[in-house]
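K.L.:
Start from the sequences, fold in the hints, and give me the full structure.
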Amino acid sequence: MKFAGLMVMPAGFFLSLAAILLFSSSIQRVTFVVCGLAVEAMGLIVAIRGHLSNRGEGRP
Amino acid sequence: MNPNPAPPIAFSDAAFALSLGLLLLSPLVIAGVAIINVGLGRSRSAAQSLLGTLVVISTAVIAFFAVGAALAESSAGFDHTLRISGKFWDWAGAGALFLRGESAVPARAQLDLFFEALAVALAAMIPWGSGADRLRLPAGAAIAAALPVLVFPFLAHWIWGGGWLAQLGANFGLGAGFLDAGGAGCVHALGGLSALAVVWIAGPRKGKFPREGLSTAMPGHNVVYVLFGCLLALAGWLAWNMAGSILWLNASPTTLVITAINTLLSAAGALVAAFSVTRIRFGKPDASLCANGWLAGLVTSSACAALVTPLEAVATGVIAGIITPLLVELFELALSIDDPAGAISVHAAAGLWGLAAVGIFAPRSGQFLAQLVGISTLLGLVLPVVYLLFSLIDRVMPFRADPDGERLGMDLHELGGGAYPEFVIHRDESYR
Numbered sequence: 001m002k003f004a005g006l007m008v009m010p011a012g013f014f015l016s017l018a019a020i021l022l023f024s025s026s027i028q029r030v031t032f033v034v035c036g037l038a039v040e041a042m043g044l045i046v047a048i049r050g051h052l053s054n055r056g057e058g059r060p
Numbered sequence: 061m062n063p064n065p066a067p068p069i070a071f072s073d074a075a076f077a078l079s080l081g082l083l084l085l086s087p088l089v090i091a092g093v094a095i096i097n098v099g100l101g102r103s104r105s106a107a108q109s110l111l112g113t114l115v116v117i118s119t120a121v122i123a124f125f126a127v128g129a130a131l132a133e134s135s136a137g138f139d140h141t142l143r144i145s146g147k148f149w150d151w152a153g154a155g156a157l158f159l160r161g162e163s164a165v166p167a168r169a170q171l172d173l174f175f176e177a178l179a180v181a182l183a184a185m186i187p188w189g190s191g192a193d194r195l196r197l198p199a200g201a202a203i204a205a206a207l208p209v210l211v212f213p214f215l216a217h218w219i220w221g222g223g224w225l226a227q228l229g230a231n232f233g234l235g236a237g238f239l240d241a242g243g244a245g246c247v248h249a250l251g252g253l254s255a256l257a258v259v260w261i262a263g264p265r266k267g268k269f270p271r272e273g274l275s276t277a278m279p280g281h282n283v284v285y286v287l288f289g290c291l292l293a294l295a296g297w298l299a300w301n302m303a304g305s306i307l308w309l310n311a312s313p314t315t316l317v318i319t320a321i322n323t324l325l326s327a328a329g330a331l332v333a334a335f336s337v338t339r340i341r342f343g344k345p346d347a348s349l350c351a352n353g354w355l356a357g358l359v360t361s362s363a364c365a366a367l368v369t370p371l372e373a374v375a376t377g378v379i380a381g382i383i384t385p386l387l388v389e390l391f392e393l394a395l396s397i398d399d400p401a402g403a404i405s406v407h408a409a410a411g412l413w414g415l416a417a418v419g420i421f422a423p424r425s426g427q428f429l430a431q432l433v434g435i436s437t438l439l440g441l442v443l444p445v446v447y448l449l450f451s452l453i454d455r456v457m458p459f460r461a462d463p464d465g466e467r468l469g470m471d472l473h474e475l476g477g478g479a480y481p482e483f484v485i486h487r488d489e490s491y492r
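Protein chains in written order, with the working numbering: chain A, 1 to 60; chain B, 61 to 492.
You may find that some hints are simply not true.
Unchecked claim - Think about it this way: if two alpha-carbon atoms lie no more than 25 Å apart in a straight line, the pair counts; the simulated BS3-like pairs of lysine-lysine are: (1) B/K268 / B/K344; (2) B/K344 / A/K2; (3) B/K266 / A/K2.
Simulated from the structure, these hints should not be mistaken for lab results.
P.N.:
Written as structure tokens, this is what we have:
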């Protein structure tokens with residue numbers, strides 16, 4: 001689950017890159033870059049949840 | 061190859077001498093952070109922590125000079141570039157391995173290289189502090205060999221070496237491109253995110269998160285070291301930020317005093333905020349969290365000291381000082397992340413906040429977007445790559461000491477002797 005979350009994060013990065021390549025309007029660019037960051041945040045949350053579930057299994 | 065290299069900027073003898081002098085003071089940052097890491101760890105791992113810092117720095121610097129410097133270097137007209145949508149994306153330098161011919165390059169480029177060597181040493185030692193009390197020396201050395209070859213040089217080139225992040229302004233009209241004069245992203249965010257990867261892979265210290273109840277408090281063994289380290293780091297940070305603004309922003313010497321004042325104000329604002337937050341939360345101020353707040357203010361200043369007004373520097377510091385103790389608490393209590401040095405909050409979170417603050421307070425339009433793209437790169441590309449890289453290293457060279465070694469303490473386990481041989485060793489109450 002942690003790996004899955006971390007694998008999602010580059011999608012957010014590529015979304016940010018695509019925003020500055022494909023759009024010229026600053027509003028569109030900002031919107032898409034913010035969406036890219038949101039995707040990264042979701043990936044991070046999934047990774048953290050994976051960490052928490054692993055913790056439950058490994059407690060002494 | 062990029063057919064339109066940036067013209068070299070004239071660098072007077074006075075500016076060279078000033079930059080070199082500042083760079084010679086900058087290792088005090090490394091000394092300060094090292095002594096803070098020792099103080100925040102346990103007494104039975106103190107010698108291993110400080111020796112590990114020296115091992116990590118040595119390995120990182122050798123690996124950087126052998127390979128990383130070639131990729132980080134900006135050789136006008138000879139960098140590796142991709143052409144996408146009619147724009148050149150400069151993604152790596154194309155210098156010579158093992159610093160061949162470096163004595164023949166201009167003095168300015170040699171200063172850049174010296175700054176990057178100090179930066180890579182600091183970036184590599186940040187995860188070492190987070191792995192305190194369970195990370196093995198060989199694993200620390202492996203991390204320190206990997207970061208300066210496979211991650212840092214690319215980031216340094218993108219941000220400082222005229223790479224694609226620096227060219228966001230020229231290519232896409234995004235302000236002056238991604239700005240990070242003092243290494244808040246290239247050093248601190250990289251180090252802090254690497255610390256997160258190390259902590260995730262190595263796991264918590266034994267007994268930190270028991271089956272029932274809250275996490276066990278494992279306070280640092282010497283708060284005096286921690287607080288003295290903060291003062292030592294300040295001296296280095298003033299020089300570091302001034303050197304960075306000369307080298308990466310081409311700031312004139314007359315603007316350096318404001319950079320130093322902003323560095324101090326940011327740290328001061330952060331300390332006052334952390335002091336107040338911990339006083340309100342716990343009834344009394346917490347010394348180690350106040351130290352974390354002070355450092356977070358300094359990390360934030362690395363991004364913006366040269367680019368904001370004094371009032372804005374205080375504001376950025378205050379915000380860093382508020383979020384740092386809260387994040388330390390969140391990571392430990394809610395997210396079960398055992399980070400003895402608080403590096404994820406202090407270096408990663410405060411570094412990313414500083415980079416965002418540059419965009420928020422910048423007068424140029426488009427600067428905020430450039431900063432967001434840089435932050436997105438650090439979070440979305442660097443963190444997964446670093447985690448993957450460290451996972452592979454962990455398979456070959458396990459990060460974590462065996463349980464018996466951890467119980468004995470890393471000093472006895474790895475070095476055969478303790479840091480404080482005349483002290484009586486007490487029973488550890490955390491093992492329940």
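K.L.:
Checked against the structure, which of the hints given earlier come out wrong?
P.N.:
Number 2 only.
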